[in-house]
Amino acid sequence: MTQDQCKTAVLAIIADIAPDEDLSDIKPDVRLRDQIDLDSMDFLDIVMELRKRHGIEVPEADYGQLASLDSCAEYLTPKFNALTAKS
Amino acid sequence: MPSLPRIVITGVGLTAPNGDSLAEFRGNLLAGVAGVEWIDVRYMGRQPAGVCHFDPLKYQKKKETRVGTRAGSISIYCAREALADSSVDFAALPKDRVGIYIGCTEHGNVETENEVYALSQFNYDVKFWSHYHNPRTVANNPAGETSLHLGVTGPAYTIGAACAAGNLGLVHATQMLRLGEVDFALCGGVSESIRTFGIFAGFKSQGALASHADPKKASRPFDKARNGIVVSEGGCLYTLERLDDALRRGARIYGEVAGYCVNSDASDYVLPNPERQAECMRKALAVAGLAPSDIHIVNTHATSTPLGDIQECQAMAAVFGENCPDTWINNTKSYIGHAMGAAGALELAGNLPAFSDLVVHPTINIDELDPLCALPGLVINQPRKADRVEAILNNSFGMLGINSALIVKRFSQ
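Residue numbers (my numbering), protein chains in the order written: chain D, 1 to 87; chain F, 88 to 500.
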């Protein structure tokens, strides 16, 4: 998986948990919470959906890695690829 | 209660299986239009139920409906409709002086059942359990969601009172307004119960769940062939104010809370107690300073169960049996089933317009009246014009033996 594909996967999750938001112009290097209405429970939703949809675990200590699309891709892409390699 | 502030109803917001506004609801009650349909209940299959068809997105964002509960959506819809109906300048109200008091039969069954079912898809590994479980299932959820939505910082909580809860929402708001705890109240009852199989299965196991080939005829209080309860969802919230405040702002007044009583059977988990029901009505009349003959409409609680309907009729006969030639009796569950925590509040709303049009809506679905339910004054299948409608008594009873009787009278200075 590339980092762009990873961002697409994350955006698909965000689209479901923030259905009122326009995600067409999300800036990848800016904190998600500064661009769209996301609260702490929504971030737990992102973590849960990564677990449910992709089998990816994000430990609580790493929640900060999900701040922006860029940081998500940086942090999650290796995890996606590790899962692919396992399977 | 001459020394206590007078409390009046100034707005109504509702959603019922046969109407999403008071005008639509009332129109269908007068036209004999029932609102029961088939739904698919998990593990049980097709059941008759009362389903509301309001649009949650009229007032909520999609995210609110995703995160919140059905009871929360019903509450928010009813609250916003009631506020609009009251014409109050809500933006100008001090939000810490607004109270939200919402009656519920139960809350949390729907969410818990859904989450357990979802967990079963993940082999019951609790790391997949929703972090929304607790905020969705706390007993104050519908009131809390409404306070969040409206920015109300005053007291907002639910009142658990089984199927008497809708009446208790109004009773409690009346008390809080009289005590000066709040200056403006949103109150009534809500139910999301059609979304939990447990309610249906529980009534089925109890031998109290309705069945009929035609869902619109499944709820038939006082009919000889009645065989149980139709479970429904719904909501009705009122705006209540002290009379002085309502007059000061020129509010339209639907009626005045004249009296009420809440008591307990202390006799059985599920079986009603006619003696305590009669006592409840008599005490409400005493508080209102009215005789039984002063009541012109009695809305019965009757849920279409073989025994419960007869027992309420025994209580009614004891209170209104003689010398009440102008007392008319009806039942709303025959149209919409049993809206549980919303029932009392919804059923009162359906009768309030009678203060203006003097028409008593009937009890429908009576093909053969059970002689044990043949109360004088029972309005059957067709509306009836009354000579006068000065006071309405609204019965609402619930499991564990909670009874409520609420009396609302026509407003006059």
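Don't read these hints as lab results, they were simulated from the structure. Ideal Cβ positions, reconstructed from N, Cα and C, are used throughout, including at glycine. Any given hint might turn out to be false.
[Unchecked claim] Cut-off 25 Å, straight-line C-alpha distance, at most; resulting in silico cross-link-like pairs (DSS-like, lysine-lysine):
(1) K145/F x K52/D
(2) K52/D x K370/F
(3) K27/D x K149/F
(4) K27/D x K303/F
[What the hints assert, rightly or not] Covered stretches of chain D, as calculated for chain F (at least 3 residues, CB under 8 Å):
(5) 17-31
(6) 37-49
Now for the hints, and whether the structure bears them out:
no., hint, in the structure
1, K145/F x K52/D, "violated, 31 Å"
2, K52/D x K370/F, "violated, 57 Å"
3, K27/D x K149/F, "holds, 23 Å"
4, K27/D x K303/F, "violated, 54 Å"
5, 17-31, "holds (count 4)"
6, 37-49, "holds (count 5)"
Hint violations for this structure: numbers 1, 2 and 4, all remaining hints satisfied.
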